[in-house]
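Student: Sequence:
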Amino acid sequence: MTTSSLRLQRASGESRVAFDLRDGRTRLGDLYQRDPCRVLFPEPEPGDPPQAVMITTSGGVTGGDSLRMSVEVGPCAEAVATTQAAEKIYRAAKGGGHCSIDVDVRVAEGATLDWLPQETIVFEGARLKRRTVAEVVEGGSLLACEMVVLGRAASGERFTRGLLLDSWSVRRPGRLVWTDTL
321 MTTSSLRLQR ASGESRVAFD LRDGRTRLGD LYQRDPCRVL FPEPEPGDPP
371 QAVMITTSGG VTGGDSLRMS VEVGPCAEAV ATTQAAEKIY RAAKGGGHCS
421 IDVDVRVAEG ATLDWLPQET IVFEGARLKR RTVAEVVEGG SLLACEMVVL
471 GRAASGERFT RGLLLDSWSV RRPGRLVWTD TL
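Here my numbering is used: the first residue of the sequence shown is 321, the next is one more, and so on.
None of these hints come from the bench; they were simulated from the model.
Where a beta carbon is used, it is the ideal one built from N, C-alpha and C, also for glycine.
There could be a bad hint or two in this list.
Label-pair ranges, simulated between beta-carbon atoms [to be verified]:
(1) S489 x R347: 48 to 54 Å
(2) S489 x G416: 24 to 30 Å
(3) Y352 x G417: 21 to 27 Å
(4) Y352 x S475: 32 to 38 Å
Construct the entire structure; sequences and hints are all you get.
Tutor: Here you go:
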């Protein structure tokens, strides 16, 4: 068997977290995790909303990997979602496919979500397709930020070849209000 005919192991993970308001406090309403995706819940400071820290236990993503993350905040609840560390997108194998990351965010009426992940570092030769869709109901509030770092400058690496397709869509019920693709 030649190296080119070996089937490489790939990650296919998912995490879903939902918060709702009960007894005047935002609480975890639902949680689903499938390796390598996990969600941690650090103890918030008094008066601060709960946090969901999205992690991937694989240490990074490469060609052929597929990750899905979902955060939902119910009516009048508030939460912060972030990542544990920078997401590393490693070089894809020669002739290999892209990795995909799908992020779905839903914010209900009167709810607030801060989506503040750490940066995504795209290594030389990486192939990433990331899609983020935010559904924000009238009266809901979303603060969102995504940072992308191309290459590893401290190592002298620049991103000169590979694939980066990063799309964002923000929707109100029944209509698209903003979209952008990098």
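Student: Each of the hints needs a verdict: does it hold here or not?
Tutor: Going down the list of hints, with the structure as the test:
1. A C-beta distance of roughly 29 Å is found between S489 and R347, which places it outside the suggested range of 48 to 54 Å.
2. For the pair S489 and G416, the supplied restraint of 24 to 30 Å holds, since their beta-carbon distance comes to about 27 Å.
3. Checking the proposed 21 to 27 Å range against Y352 and G417 shows it holds: the Cβ atoms sit about 26 Å from each other.
4. Here the CB-CB span from Y352 to S475 is close to 36 Å, well matched to the stated 32 to 38 Å.
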